[in-house]
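Asker: Listed below are the residues making up each chain.
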Amino acid sequence: MLMDLGEWNSSGNGALESAELAGGERPLAIEARGLVKRFDGFTAVDGVDLSVPEGVIYGVLGPNGAGKTTTLRMLLGIIDPDDGVRRVLGAERPHDVSHLIGYLPEERGLYPAMKAVEAIAFVGALRGLPLPEGRRRGRQLLEEHGLGHAADRQIRQLSKGMAQQVQILSCLVHEPRLVIFDEPFSGLDAINQGRLEKMMRSLVERGTTVIFSTHVIAHAERLCDRIAIIAGGKVPFAGPVDLARDRIPAQVRLETRHADGPWRSALPADARTERKGNGSAYFFFALPDGGIEPLLRALIEGEAGILSLSIERAGLHDAFVAIAGEAAARALAENGEEESR
Amino acid sequence: MMGGRKGGRLSILAAALIVARRDFVAVLWSRSFVAFLAGPLFMLVVVSLASGLGRKVEQNAAQPVLGVAMSAPDAAALVSARNRLNEALDDSLPVLAVLDPPAATADPARVLSDNRALANAIVTGSPAKPVLTGPPELVDDWRGPLALMAAEAAGEAPRQFPHVAVHRTGVVGAPDDRIGRMRTAQAGQTVMFLLTMLLAGMVLSNLVEEKANKIIEVLAAAIPMDAVFLGKLFAMLAVSFVGICVWGTTIGSILLAGGRSLSELTAPAVGWPAFLTLGVVYFAMAYLLLGSVFLTIGSMASTVREVQTLSMPVTMLQLVVFFFASYAMASPHAPIEQAASLVPFSSPYAMLARAAQEPGLGQHLVALGYQAAWVALFVRVGSRLFRCKVMKSGPAPVRGKAKTRTA
Chain W
1 MLMDLGEWNS SGNGALESAE LAGGERPLAI EARGLVKRFD GFTAVDGVDL
51 SVPEGVIYGV LGPNGAGKTT TLRMLLGIID PDDGVRRVLG AERPHDVSHL
101 IGYLPEERGL YPAMKAVEAI AFVGALRGLP LPEGRRRGRQ LLEEHGLGHA
151 ADRQIRQLSK GMAQQVQILS CLVHEPRLVI FDEPFSGLDA INQGRLEKMM
201 RSLVERGTTV IFSTHVIAHA ERLCDRIAII AGGKVPFAGP VDLARDRIPA
251 QVRLETRHAD GPWRSALPAD ARTERKGNGS AYFFFALPDG GIEPLLRALI
301 EGEAGILSLS IERAGLHDAF VAIAGEAAAR ALAENGEEES R
Chain L
1 MMGGRKGGRL SILAAALIVA RRDFVAVLWS RSFVAFLAGP LFMLVVVSLA
51 SGLGRKVEQN AAQPVLGVAM SAPDAAALVS ARNRLNEALD DSLPVLAVLD
101 PPAATADPAR VLSDNRALAN AIVTGSPAKP VLTGPPELVD DWRGPLALMA
151 AEAAGEAPRQ FPHVAVHRTG VVGAPDDRIG RMRTAQAGQT VMFLLTMLLA
201 GMVLSNLVEE KANKIIEVLA AAIPMDAVFL GKLFAMLAVS FVGICVWGTT
251 IGSILLAGGR SLSELTAPAV GWPAFLTLGV VYFAMAYLLL GSVFLTIGSM
301 ASTVREVQTL SMPVTMLQLV VFFFASYAMA SPHAPIEQAA SLVPFSSPYA
351 MLARAAQEPG LGQHLVALGY QAAWVALFVR VGSRLFRCKV MKSGPAPVRG
401 KAKTRTA
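Residue numbers (full-length UniProt numbering), protein chains in the order written: chain W, 1 to 341; chain L, 1 to 407.
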């Protein structure tokens, strides 16, 4: 049964999202509560909650088959949820604001017989931009992105990478307030991936909200202000990237001249030890709740002989493992390997 | 700004027109459209040639051969007269074959019974006093034409035939009026059926292109699927009108050149202008009704091969609809005729037949509204089905195996 968004907000059962909202003052570009989608009796998306503030880069991270594309399709109004509510740029029906949205689907495609500039203008026209204006802007965008020479060439005459760039530009021709990219980096070479990252940042600088799905943690880590982790059709985490990392404590790596001594009692009981042949040792453990200072004091007073000490904040990958589980992380890694092959 | 915008976004109609414009231009500029246009013309040429040949063969077979057993000058004069007259009489005179001796001098009855002359009857005597020997029905039929040829040969026929002006009224006696209008109705239904059959098939494969090019998701994200479906139907309707204009002009020119005109058919009850206008509008409705269903069926197919498989049952469905409407036409206001005008697919055919048989336009306005409502319903159901059945992400779960997530 579909519930009213206002009703949900007042019920306050989105503990996860409320932490996220508390940190930000910005209005929300997207609010989704309890989205559910079933296909032929199985549940592809199972109660997804999302809150995407305006003017951020938001990553939807998860392995293939996690429910990312289905979630994005529901947010765009391509398919309707079986349950739950969504509000996109303030509208409960996404098509009501489609002129403010740009979308790059995972499966790229344009009409092969269309000229590049016409393809851009056509997508713009679908979003409410008059065709002549779409042609003018399309030509301008192509020039700006080094594709001016391809403006009057048919899509079928372009390389795959160029066609993909034309499609990306077609999402932007009507100057949307919200851009949704589904796996935008797949199929792009490293140079074009870099260009796309730059473009995403420049969009956000102009106040556009960018949402993209990916199964490559590095992209999310480099680009995103906030992420949602999707696994098994559920969202176990949604919020700032830092908050995800903070789900697991920083890791301490200590190297001492002596492997044993009374100072050992100051180390956490679960510290992992690696002894070296010369009597020295490495210790690995999570940063204690009280911080590093008491431990340092104990080590110095106990003459442990500190050779090196480093504190590493958890990476997004570790956070992903901690949040979504080993299986999801393995699936994510496999997707990445498949793509690179 | 673009016309048709509502609160900053496109209305369904404006969005449909953008899709329609793209499709219309794409189809019109495609090579396959030229083949599509030329297809029926080729068919027409082949059928015309075949029927022309057939008629010639039939005519030759039907025209009797009269063996001429006269003196050489008389025979030559008779043959020459026959050739002169035959052209003026629309190739309707019997063929003359001059018999060689001894057949020329033998008893005509014996020559016929021996079948030596390969003739159906024998002409003896002279152009002044011709004698026709042959089977009774033949000699009765050909006595007059032979007299004409003989008079021409003897120099007694008029040297010039006056031109007879023809005035066709199109009005027939009361008992024939109903039959004549029924023929007009039948002609209208047949033309509409042929056009619908030629064109509706194109709609079947219409969404395959979008699915193959993977652009369907771009469309579905930007505008409602109703608009996509409607746009595709509008585009194909516009394409079909281009086809009709081309074919209509060509066939009309050929018919006019051949001295044929609509006046050969009994005038429909609503009059020709209204009937032709209704014909165009009912064709559009028949096309939209069938097209919306075909589009839905075709949208479920993902390859051209699947579309081809679907074509046969779809054509059969069209035939059933046509036969139903044709059959119902013969019984005005009978339950079957009323059923035909109510069943959405046969309604345009049945109502066109009514336009030929009954005066008054009011019922047609009601019928058009009724049919338009069905079109809207079919488009809505079709787009819903498409969104439910096709716009899923990833592969469908494998039956009998553990259910896998698709996105």
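Calculated from the structure, these hints are not laboratory results.
C-beta: ideal position from N, C-alpha, C; glycine also.
One or more of the hints may lead you astray.
To be verified - Think about it this way: if two alpha-carbon atoms lie no more than 25 Å apart in a straight line, the pair counts; the simulated SDA-like pairs of lysine to any residue are:
no. : chain 1 : residue 1 : chain 2 : residue 2
1   : L       : Lys214    : W       : Asp318
2   : W       : Lys160    : W       : Glu205
3   : W       : Lys160    : L       : Val98
4   : W       : Lys234    : W       : Glu92
5   : L       : Lys214    : W       : Asp80
6   : L       : Lys211    : W       : Lys234
7   : W       : Lys160    : L       : Thr303
Said to hold, decoys possible - Which chain W residues face chain L? A few, computed with CB under 8 Å, are given here:
no. : residue
8   : Leu76
9   : Ser98
10  : His99
11  : Tyr111
12  : Ala125
13  : Arg127
14  : Gly305
15  : Leu309
Asker: For each hint, tell me whether it holds in the structure or not.
Answerer: Consistency of the hints with the structure:
no. : hint                : verdict
1   : L:Lys214 x W:Asp318 : violated (36 Å)
2   : W:Lys160 x W:Glu205 : violated (29 Å)
3   : W:Lys160 x L:Val98  : violated (81 Å)
4   : W:Lys234 x W:Glu92  : holds (22 Å)
5   : L:Lys214 x W:Asp80  : holds (20 Å)
6   : L:Lys211 x W:Lys234 : violated (29 Å)
7   : W:Lys160 x L:Thr303 : holds (22 Å)
8   : Leu76               : holds (5 Å)
9   : Ser98               : holds (5 Å)
10  : His99               : holds (5 Å)
11  : Tyr111              : holds (6 Å)
12  : Ala125              : holds (5 Å)
13  : Arg127              : holds (6 Å)
14  : Gly305              : violated (53 Å)
15  : Leu309              : violated (44 Å)
Violated hints, in rising order: 1, 2, 3, 6, 14 and 15; the structure is consistent with all others.
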